[in-house]
Structure formats: structure tokens, C-alpha cells
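2 protein chains.
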Amino acid sequence: MENSRPCLRRLRMAAVTAIGFFASILAARPADSATSMDNDLMPVPAQIRFSPGRLRVTEGFTVAVGGYDDARLQAAVSRALGRWKERTALRLDRPAAANAAATLAIDCRGPGHVTPSLDEDESYALEITTRQATLRAPTVVGALRGLETLLQLLSRDADGFFLPAVSIRDQPRFSWRGLMIDVARHWQPIEVIKRNLDGMALVKLNVLHLHLTDDQGFRVESRTHPELQSSGSDGHYFTQNQIREIIAYAKARGIRVVPEFDLPGHATSWVVSHPELASLPGPYAIERRWGVFNPVLDPTDESLYRLLDDFLGEMAQLFPDACIHIGGDENNGVQWNANPHIQAFIREHGLNDNAGLHAWFNRRVSAILAHHGKTLIGWDEVLHPDLPKDAIIHSWRGPESLASAARQGYRGILSNGYYIDLVHPASEHYLNDPLPATTTLTIEEQRRVLGGEATMWSEWVTPETVDSRIWPRTAAIAERLWSPREVRAVEDMYRRLAVVSVRLEEAGLGGERHHDLMVARLAGDRATPDDVQALRTLVDVVEPVKDYHRGGLQPDVVQSTPLTNLADCARPDSAAARNFAESVNRFLFQPGTLDRDQAAGIIRQLGVWNAAGRRVAAFPAGTAPTLNDIAHNGRALADFSAVGQEAMQALLSGHAPDEQWMKTRLVRLHQAGEPGPAAVEFPILPSLELLVTAAAEQEKRGALAPDAWQQHLRAIAFPSAPPPI
Amino acid sequence: MENSRPCLRRLRMAAVTAIGFFASILAARPADSATSMDNDLMPVPAQIRFSPGRLRVTEGFTVAVGGYDDARLQAAVSRALGRWKERTALRLDRPAAANAAATLAIDCRGPGHVTPSLDEDESYALEITTRQATLRAPTVVGALRGLETLLQLLSRDADGFFLPAVSIRDQPRFSWRGLMIDVARHWQPIEVIKRNLDGMALVKLNVLHLHLTDDQGFRVESRTHPELQSSGSDGHYFTQNQIREIIAYAKARGIRVVPEFDLPGHATSWVVSHPELASLPGPYAIERRWGVFNPVLDPTDESLYRLLDDFLGEMAQLFPDACIHIGGDENNGVQWNANPHIQAFIREHGLNDNAGLHAWFNRRVSAILAHHGKTLIGWDEVLHPDLPKDAIIHSWRGPESLASAARQGYRGILSNGYYIDLVHPASEHYLNDPLPATTTLTIEEQRRVLGGEATMWSEWVTPETVDSRIWPRTAAIAERLWSPREVRAVEDMYRRLAVVSVRLEEAGLGGERHHDLMVARLAGDRATPDDVQALRTLVDVVEPVKDYHRGGLQPDVVQSTPLTNLADCARPDSAAARNFAESVNRFLFQPGTLDRDQAAGIIRQLGVWNAAGRRVAAFPAGTAPTLNDIAHNGRALADFSAVGQEAMQALLSGHAPDEQWMKTRLVRLHQAGEPGPAAVEFPILPSLELLVTAAAEQEKRGALAPDAWQQHLRAIAFPSAPPPI
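So the protein lines, in turn, are chains S and A.
Going by the numbering used here, 563 is the number at position 384 of the first sequence; the sequence numbering is gapless.
Going by the numbering used here, 614 is the number at position 435 of the second sequence; the sequence numbering is gapless.
Check each hint, because a few of them may be wrong.
Claimed, not checked - In silico EDC-like links for lysine to aspartate or glutamate, alpha-carbon gap of 20 angstroms or less:
{"#": "1", "chain 1": "S", "residue 1": "264", "chain 2": "A", "residue 2": "643"}
{"#": "2", "chain 1": "A", "residue 1": "879", "chain 2": "A", "residue 2": "719"}
{"#": "3", "chain 1": "A", "residue 1": "264", "chain 2": "S", "residue 2": "413"}
{"#": "4", "chain 1": "A", "residue 1": "373", "chain 2": "A", "residue 2": "691"}
{"#": "5", "chain 1": "A", "residue 1": "264", "chain 2": "S", "residue 2": "709"}
{"#": "6", "chain 1": "S", "residue 1": "373", "chain 2": "A", "residue 2": "643"}
{"#": "7", "chain 1": "A", "residue 1": "430", "chain 2": "A", "residue 2": "643"}
{"#": "8", "chain 1": "A", "residue 1": "373", "chain 2": "S", "residue 2": "370"}
{"#": "9", "chain 1": "A", "residue 1": "553", "chain 2": "A", "residue 2": "643"}
For the record, the hints were derived by calculation from the structure and aren't laboratory data.
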């Protein structure tokens, strides 16, 4: 399920520029200021209060599990100690101690749900004094959540490792906090799933949604209908044993696994082996391209429901979760319109139109699921007055559709705004609230908003790149879904996100680890260390183009095309660009005279970019497809930074260049920044445009208050899309 | 099986200094110079001849398999194309073509051995013209070896990717080219094994030797005696299904899997569940420390042979290889001496002594193995006149024991000199030849020398660090065992090793990828990017202490101690130190006046080290165990480099400091370089000692030829252990 909202590239980029510096002023601060600035916790707990003092973590550290205990809790304690051992290089293997004497006393009241469940109590309380840490939880899952908080609290000072004295009462704001991974378009094997489950546990996400079937692949073993995976998967699918392994791994971390079988559209991989079930005659082959395709199942064919009953019954046994996701999105109607029998069926059954037929199909599927004891969840399009009221609506279209479902009595979760495949910055996802303060829903309707899910659609990710597309941004989404609504200071989020990124890598996620390898490989064997460093500098300041633009710039890419190019190396949310925007904002818009030290820092940065850009521009080009547009982007970076250098010189000299200078420079920045075949963009451009404008308009600076001067510059630099400040 | 030869630290370090620069002059060059300097192949093929012209690799690339074909060959072709796709970002998924039209035509004559075997024909011929590449091989394994060569030949120029026109006839010099991984002391799970099999395939190694049992763990599932692993492994062992998975993964890559069950010593983990089989009464617990321990099985107890028959029979079924390794090393005799019954048994059976009893035991085990169709292989100590002649001797003591076995009619393999756990530089292993040119063995005796094995004993490695301890140095050993004896140019080996390192990381090995994470973690969350960079600079110029020194410096370390410290981050073979030694040698010993540009480079490098050292020296110290000695090593680096800076100034000024200056500086370098609790050493020290000596002795430079001056300086700088030049 993929939206295609208009591209807001320049608007967004300008917004990023503004966000970094002003976020801490503009965004509401959490009620208790100790909740965020004084620690690295992510997600921020519901209540937190620090006291003076530190509990030392030494090799004498002992753990006691009082109250309820079981293998899942023991394994979690053992994993937690293992991660501390890696960080501290301390032996932490003392035998369990009596509760009163232990450094960490865990008091768990009961097992909670045996299978991770939507109504699990995930709360916990953590009290740390200089003498002991006590973790109390009503359920094992609550204890697991508390252990993750405890892991994040570990700090170091000159005397060694410690836990700060603190009192935490915590529970999630939303009960459905998910990550969807599309394993259909690009296959993601079990190792990818497991390491991402580790990442999810670290930031307290609790639903792994596996998008298992789509036009490009049927990724689960059916034993009742093995032709489905044998014809529909190129051999890349999860065996039932692997599914059980994933479920066990997730359960050990208090995470539900919700499978999705996309119906009746996005179903090409079903009809490769069952062309008779499609709405037009076949044959069909696995789809290799990206987009919305015509093949759709024929809801008028009774044999379809027999197959679905077999298959969904089998999956209902395999997956213990209460919900099964049936997709339901983006049936383009082409096949239904072209089949007279189907149109006649619609008329005969008084179904009005294709939407009516889709609703009729969903009722049938819902009955099958109900028979097998499962609740239906589907994308927006399944919402229809005839849909049973216990179904759950998964909103990809927007908060309005979610609110509308809630008003009609349906429970729902939000993914609009959490489309991490569209490579938007973490700040955007972070500020996207399933229930914003401005909601007009009643309290009861609000209760129906269960939470949300980050969606990792996999057109543009491989096992090598998927970690860097999911993380660390999904940690910001995890905080949105766990922490109180008021926790929304963007600058502080980014500060903590940098720490949690390190923890994620330590837990086995490979975003940064794969990154260096990819850049070196792209530079090639003959590249010198300086070449590789220059390419790395370029990669650090570009981002993949946003939304669905890459498909337009690289129209020939299909499922088997390698994704090892500049856009694959580039990160979605450039820290270098964010830091530069902060520096430029601080330099230009603080009161008083321009700060020479700050200017020197900006000029130094522009010099580094210019040199790197010039070096990359000299990379061998010719017809080597991976290199062509890299050199072009090197030239662009050299050019941008030279314009920035001119602007800085003009600002420091105190002599404003004329308007013509400004106009030509702005046009140059704008044109040179248009993405080419490498499908990357330069998020540093808005900052450079501000510098150029400020240089030309510097005489007005003295006459205007900082805020007004800023407004003035922005109006000139971004005339078509004035960014919010 | 661990040797404990005397520490040669300073000798070795001095040797390193000499090797880099002089290797290309001193070492014999391969007969055909095109074999090494003109390409990145590792191991170097037996015969290679380049022609002008290039075969372009484009998206039109097609493969045809003519002659014999099977699933193993198909899978290998598919993996090869997958790796090229990653490197080229080209779609390489054209359907198979007819032989004549294909870009790559593979002509394989037959399957070869169904189970990888010691007498497999691994030869292949590769002809590349500007029109087509043709790979011919008598067996599938030969074709796999040729595919790896083909993968390494891929290059890039301004027009894109290409294969050079070349003619290669290749086969291995030795038929046993192994890597032993000890999974007993530190458990190494299946992922570690699989990625190392990928690395082995890349450099044409063909035997994975799994050291499965030792005092510290029993790491394989027995179904006849499950108490062995359930009491002896802490739950960390390979299930039989996992063993089958490893064997299949290895077979797909033409690699044998030889299991080792260490008997009768190194057997503590056996007697945890079977104390009655030990030579003294128990109880016994899994050993947590490192070293040689007393527990040894009692060869006089008939019930031992019943258990061994059950267990080895089961393992003989599980492992298809013709050989089973029974260890046999390092029985210290303490338990046998202390047991009067055993001593009486020796006398009654006329066995002379413990060695006679050991031989008697080996005959019994050998008979059991023969009954199950397996050949015995064991460490040096199993060599005894009574040992059946088909047994294989695995030499850890030295080339003499290997030669002696060959003279007595035994086949043997060499591991002495390939102990990669002792963290010696690749150059040492590389020049260690199982059959050196000076061998006095007859041709027939030489045939009994089957090859060698790199041994990764795991006292000091975890899954996080094991890759960086095995690779890339094992690639140099692989070349020694595959390529002609004359291929031994160290400088060229290091040049190609750098390229193969990238390929190994691409294949999934994690040495470098884990490295950055480990350094960042060691620096801690509060470290600035500059702090991390400074620590990285320090890590780059240190090496873990060699041989068995670490145990002396970190005596409290046991199995559960985290290995996440400075010595674990440090690489065994510092490239920074090697490059510095080359620069210093070039600067000091080339004819003519001192080169100011070279001097500037050395001074710049010393400045970077000095700044990094001073920054690390300021890291918080106090009682945090991971940081204490890091700061100390930072101070040492700052101090060394300051001494080097003084020496460079003196050299450039032309005024020699007095002898007292030299002596105090040499003492300072010597004392400050003594390894502390962090267990690292500075391989840059010999170069600095040469600089100090050269500064003090510079007036003699004009009077002596370069070689004589070098001899003079070395005699002063390294009086106690004059290094070879």
C-alpha cells in the first residue's frame, strides 16, 4: 500500500533547515524537563524523576528474580547482561542473589499473555537508588520493557560505569506500535528479520507486520497449496519452520507477529500458479517491476474461497496472533471492469460498483477468518459500511481516514506519515501523531486509535541496505507511539537518536557497518584512501530523492537490478546537512554582530566540501554506469560550496553583491541541485540559498529584528514555497 | 594444541620494519612477472599469461554451461553473478545462452567426487579473449575454483567493467589447505562458520577443521550420549541438523569438513557427565580458564571404548569426510602418574611409559575409526612406531616433526607457523613453507606432505572479533598452500591482501565492519567525534601482544570475560605501522641527500600521532577498567611521537645530538613501549628507534654506503637481537 502524494521536496528541505535550530524553542517541552535533556532514553518514559547519586555497576553486579519467573524472563535477563558485558568489558556473571542483596531485583507479578497480545499490560516501574535497582512489572513483557530502559540508563564517568538514581513509572501511550517489513518486492531473509526484531525490542516496538505476498513474490510456505510458493517466489520464501523461529524470537522479546496476505489486488504471485482465479485469463508471471498492476482475484469464483479457506486456515494455525492482515489496497479495477461476468455479478447482487464487490469479498474473507478464530485487519480501502465492526483499519491515506473509521466504530492504526521507504527525515515522522492535540474525536473514539506502524516497502532496499532505511528513523516513530504526546522536542530527539543508533548497531543492525563497505565498493579497487574519503564526504551530504521520484529517475530498475549505487549509499536523513543548517541559522539569525568564529567554521566546512567535490568530479567517468552521475554530483558539490564561499566572503567583507549576483547564484543552486540519474538530492541547498540571500541583503540586517530579517530572507530565497519556521 | 615458543616480540617487530621495504628486493620474484604485479589475484595461479585487450562486462553478459552440469555448479554460477552484480551495480540476469554465443562458457567434464575429497582434481583452465571467457575444468570443484579466479579478475576502467585477456592454467600445490576453528573455548555459532566458509572459498581453501571438543566445551550434539553436550556445553553446541547445514554449505563451495574430538587429554568437558571415565575421581566442571589441565580419559577402562564406539560411530555417520581428527595433544601426565592402577597397566602391558599408553590408546581408537570407515588424524603426539601407517600427522611443533613423520611413511599437514591466534603478521605466515626449497626429503617423502592449516584457537576471540583474527592473514596462508613455492614477494602479497580484504568484507566477513563499532563503543557515548577519531588513530598503530603474552598481562580473564577492550580492537598486523616503516626505511637508507618531502610526510604523521595520543591521554581514567590503560597508551603514543619529532628535527638540522641524548631516548622508547594491562604493543617502535639512532649517528652517513650505514644503525638500535634484513 503506497501513497503518491505530491512531491514536496523543496518545501521539506527548507523545513529541515528551519527545524534543527528552532525545534527546542518552538516545540513544546515535556512537562518534566528531566525527562529528556538529562538522559539518553528513547522512547522517553511516561514519568521519570532523577535523584542525586549513582548506583555503581561493577563485577559484583548481581541479579535476583523474585516473584514470578520463567524461561522468557531468564533469557531476557541473560541477553541484557550480555549486552552490558560488551559495553563495559566487565565480567557480569555472578550467580543470582537473594532479592534484598541483589544489585538488580526484579519483581514480576505474573506471566501476562502467553502469546504476545494487543491488550498486554506492558507497564513497569523502575527505582534506582545508590544501593539497588528494583524493577517491578505486572507481566513478563512489562519486565522486558523495563530491562530495555535499564540498559539505556547505563552511563560512565571517571569512576566507571553506573546507573543514575531515578524513579520511573512507565507504560505505552498506544498499544499497537509496529514495523511492517515488505519481504515480497525484495526478499529479506530470516537474518534480516531477526536483527530487526532486536532493534524493535530496543525501542519497545511490539508488532512485527510481515507483508508476505504481493505481485512480486509469495513469501511463505503453504503445505496445503505448495504451488503458491513454488511458482510464486523464485525459491525465496519463509518455510513454516522459519516462521515458527521468527515467532519464537519475537515472543522472547514481547513482540507480536502479524502476517499480511494482500487480497484481492497485489496478487500476481498468487495467480502464477492459479491463473483460473484471476479476473482475466492468464498466463501470469511474477511481476518484476514496481507500481500498481492489473491482476486481481475474481471474487465471483467460489473455488477462490475454498483455496482461501485452506490457506488462511493453515496460516491461522501457523501464526498465533489474533489478527490476520488481508491487505485490500490498490485494486485498480481494470480487470473487474473488463470482465462482463464480474460486472453482471455486481448488478445481480446489487453491489453498485467495484467498491461494493470489494466489500462483498471482504465479508466473505472476514467470515473465513472468523471461522478460524482471527480478526481481520486491512488497508483503508476495506472500510465500508458492511465491514464487521471488529475489523481493524490500517490507514495509509491519512489521519482523516483513521478518524473517520474511529467515528464509525472501527479500531484503526496509522501508517500515513510513517512511510519510511519514502526516505523523509526522522523529524517529520516524529511530529506525526496518530492522535494530535487538535483531534476532534471523542474520548471513546480516541480509544479506537490503537497506534501505528512504520512501513518498510521494499522496492528500493536489499538485505544490505534495509537496516539503514529502517533505522534509526524508526526509533523516532517508536517514541511517538510510546511516549506522552507532549514529548516532541526535535533537537533533543536527534541528540538521543544518535546514541540509540550506536545501541542499534551494537544489537546487530548493520546500517552504518554496511555503509563504509558500500562506499568503498562504489569507489572501486583503484581508488586511493583520499578518493574513498572524498566519496564518503559527498555521500554524507546527499540524500536519496524522496517519495516516488527514484522510479522516475531510474525507470529501468527491476527486481533483479543491483541496489549498490550512490542513492543506496546515501542516508535518508543527512546529519551533515542538519548540522550545517544549524550552523548557518545560528550564524545568520542570532542578535548582534556576525560571529567570526562561527563564520570560520562554515568556511572550513565549505572548503572540505569543495575539495571533496572536485576530487570526486575527477573520478573516471566514461560509460561505467555506476560512476557517471557520481562525478556529476561531485561537480555539483564543488559548485555549490564555491557559491557558499562567495557568499561568506561577501558577508564578512560587509559589501553586499548586487541583486543580479544573487539571482544568478540562486538559479545556479536551484538548477545544479536537480537530481540526475544517481537519484540523490542535496539537503544543504536551502542553507546555501539563505547564505546567498543574506549576503545580498546584508544591509537590511541592522534595520530589522532577527526574526523579521529571517522572514525577509526566506521570502526571497524560497518565494514559491515559504517554509514554516 | 598450542605451542609456547619463546617470545620474540622485539625481534619480530624489528623484522617487520625491515620486511616492508626490502621484501620486493630480497624475496624471490615469481618466474613469470606477470603473475603478480599486474593483477590482484590471490592466490596467484600456477601459470598466467596476459594478452592485450579486454572483455567488456555489460548487462548483455551471458553464461552457458556446456558439458557436465548440476545443481552445485548452477548454484555457484548464480552466487558468482550475484557478487558481480553487487560490485558493478549492473543487471546480470540474462538467460543462459548457447556456448558459442555466451560471454562466459563453462565446460565441466564431470562431477568429480560427490563428497569433497582429499584427492579431488581442483584444476581448471581459464581463457579470456576480447570476445569470450572460457572456463574448463575436469570436475565441478575445479570449475568453482576457476569461478573464484574469474571473480577476482573483474576490473574497471573509464569505459566500465572488464576482464583482461588472459590465459590461466591452475591447480593447487598442496591438496590439504585448511582452516581450523576452535568452537570450544569461545563458542562460535553457525553464522560465524558460514561466513568463514565463504571467505575460505574466495581464497580456494578446501578443508574446514572444526575443533569441537575441549576442556572448555563439548560443542556437538550426540544422540547416543546426549549427556555429553547437555552437561558439557552451557547449551552452546551444534545440533546435528546444523552440522548437516554446515557440511552442505561447505560442499557447495568444494570444502571438506573434518571434525576433531580431542582425546584423551583436553577432555574436561567429556568427564563432566562421565567422571567415571577420567583417570582420577571427579566431580568435574567445565573448565573456564585457559591452559593445559590435568583431566584425561582413562585408557585402561573398557567402558571408555564402548562409549567412543557409540559416539565416533555416530559422528562417522554424521560427517561424510574420510578423516576424523582425534586431537591427542598435551596430556600432561599428572592424572596418569597419580593413578596406581594405570601405572600398573602400563607395566603389565609392557608399554614402558605414558607415551606408550597413549600409543596403545591411539591404536584402540584407530581400530574403532577403521571399523567405521574413517582415517585417523591427530596432533604430533600421536606419532609412535605403533601408529597405523594410513594415519595423518598434524604438526603443531614444527617442520622437523612433519619431516620426521614423512620419513617414517606418514602423511602429514603443517600448522606450526600458521597459528593465527598468536597474532603475528601475515608476512611471517606467508614465508612459512610446508616444503621449503631447502627440504631434504625425497620426492616420495615430499608427496606425503599434504599441506597445512591455519589454526584459530579461540581463547581470545568472540564472534565479534574472530573474523578480524582469521582474515585477511589467512588469505596469505591460502596463497602459500595453493601457489607455486617461488611466489613469495611480501610487498606484493600485502598489496593484493588489501584488495582481497575488501572482497572478504563484501562476502560477509565482518573484521572491518565490526572494528568501527568496537572503537566507538570503547570510546563511550560521551566521546566526541574527535575523541573517537583519536582513539581510532591509536588503535591503528597498536597490535595485540603476540604469542601467549596476553594471558600474563590479563591473568583474571576467563571464558565469560567480555573481549571488547583495546587489545580486541587492535588488529594483528598494523598497516599504519607497516607503511611508517616503509617511509622511514626509504627516507633513511636511500642513496643521496635526505629527501625533504619524505621528511615532511614523516613529520606530519608523527604530528597526527602526537595529537591523537595527547587527546586519548586525557580520556577519563579513574577506576573504569576499560579506560585506564587506554589513557596510558595514549600518553605513550604522544611520548613516542615526540621523540620521533626530536629525531627528525635533528636529522634535518644536520646537527647530531650527543650519545647521551640517544641513549636516554632509546631507553625511553624501550620502557614506554612495555605492554601494560591493555595488552597491546607498538609496532612503530623499531622505526622510531632507527630514527633516533640515525639522528645521533648522522655524521657517519656520508662515510658509509647505504647498506653499511643501515647495518651500523641496526647494530646500535637493536643490540640484543639484530633483526634479519
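Here's how the hints hold up against the structure:
Between residue 264 of chain S and residue 643 of chain A, the direct Cα distance comes to roughly 13 angstroms. Compliance with the 20 angstroms bound is thereby established for this hinted pair. For the suggested pair residue 879 of chain A and residue 719 of chain A, the alpha carbons sit about 34 angstroms apart, so the restraint of at most 20 angstroms is broken. Taking the CA atoms of residue 264 of chain A and residue 413 of chain S, the gap is about 18 angstroms. The hint holds against a cut of 20 angstroms. The straight-line distance between the Cα atoms of residue 373 of chain A and residue 691 of chain A is roughly 18 angstroms, inside the 20 angstroms bound, and the hint therefore holds.
Between residue 264 of chain A and residue 709 of chain S the alpha-carbon distance is near 25 angstroms, which puts this suggested pair outside the 20 angstroms criterion. Taking the CA atoms of residue 373 of chain S and residue 643 of chain A, the gap is about 17 angstroms. The hint holds against a cut of 20 angstroms. Straight-line distance between C-alpha atoms of residue 430 of chain A and residue 643 of chain A comes to about 25 angstroms, which puts the hinted pair past the 20 angstroms bound. Between residue 373 of chain A and residue 370 of chain S, the direct Cα distance comes to roughly 13 angstroms. Compliance with the 20 angstroms bound is thereby established for this hinted pair.
A hinted pair counts as satisfied when its Cα atoms are at most 20 angstroms apart, and residue 553 of chain A with residue 643 of chain A does not qualify at roughly 35 angstroms.
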